[in-house]
Every structure is written in structure tokens, then in C-alpha cells.
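Q: Kindly generate the complete structure, drawing on both the sequences and the hints.
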Amino acid sequence: MQPQYIPEFNVQAAVVKWLHSNGWIVESLSLPHGQRIDSVGNKNKLKAELITLGIEEKSIRLVSKGEDIRVRKGDSLWRIECKSFGTDLPSSTVRNQFDRALASTVSCYDRSQGLQLGLALPEQYLKYIEDRLPQALRMALNLWVFLYAKSDDKVYEFAPHQKLPS
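So that you can map any letter, position 147 of the sequence shown is 382 in my numbering, and since no number is skipped, the others follow by simple counting.
In short, the hints are calculated from the structure, not lab data.
Simulated pairs of lysine-lysine, DSS-like, Cα-Cα distance not exceeding 30 Å:
(1) K389 - K300
(2) K300 - K280
(3) K308 - K278
(4) K280 - K293
(5) K282 - K293
(6) K280 - K308
(7) K308 - K389
(8) K385 - K308
(9) K308 - K252
(10) K293 - K389
(11) K252 - K362
(12) K278 - K293
(13) K308 - K398
(14) K398 - K252
(15) K300 - K282
(16) K389 - K278
(17) K385 - K300
(18) K362 - K389
(19) K385 - K293
(20) K385 - K362
(21) K300 - K278
(22) K293 - K252
(23) K389 - K280
(24) K362 - K398
(25) K385 - K398
(26) K308 - K282
A: Structure below.
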């Protein structure tokens, strides 16, 4: 069965839902943009999602650069990078996309107390996570992994100390 295209927006929206349901306050979002991405449509979908969650759109900054999701709870800050999954791409291209997403996530690191990093990806990236993101690095960076499952439009979170599914 051919893997389906999974837009970054779907991953981002599912992570925002999970974060909101766990008491995190969304500070800023960087909506996906680029070729073949409907930025206006995504912004309208985002507004609808926020209304559904009971979040006032004006309370969130939409930014064009930086992490895809920035949330806060008390003194804790989470900076999360999201990625899409394309179809009909050679494995080297998918690996390169994973490497870029990981690099973007790591670039958000600083030694701030309470900083948590997050990498949110469709579950199709699991092989690359297992091969290229050792648990020791996840623990050193306090890097959480969010796997998006298109089948139920949910994310499954894995703390740095947790093993990923096989």
C-alpha cells in the first residue's frame, strides 16, 4: 500500500490539540508555507481549530520564522518542530527531510531551565527516528517525539526516557 501524503498542518494541528488538552498555553505558531501549500486555507483551518478548542485566535502570535509551535505552562517552555510526509519520494529525500527537521529542532536548544524540545512527525518517519536519533541524545536535549497517526488524526507522545514503538 502506497503511503499517503500527510501535510505538516495536520501534524501541527494534532500536536496543538494534544498540548492544549494537557494544559499548555499556545504562545506562537509558524504556519507551513511554500510551494503547493495553501497558506490562506491553513490559516482559516487554524482559526476553526482554535475556536473548537476554545482558544482565542488573538491570544496567539502567528510568526513566519522560528519553531512551528511554542507553548508554555508555568515556568516550562516547549519549542516544537513539525514535518510533513510526501509520497513517491526516494528514501534519501525522506531521510534528508528528517535530518533537516532534527537540525531545526536542535537549533532551538539552549540551557534554559524548563526548556523542552519536541519533534513532531508522521509515523512514517519512525525508521529514521530509530536509526538517527539515539535515546541518549533525546535525554541530553530533553527532546520529546510526537508521532502523528493519520488513521486516527492523533499524536502519540514519547518522553526522552521512553522507548519508541517498534
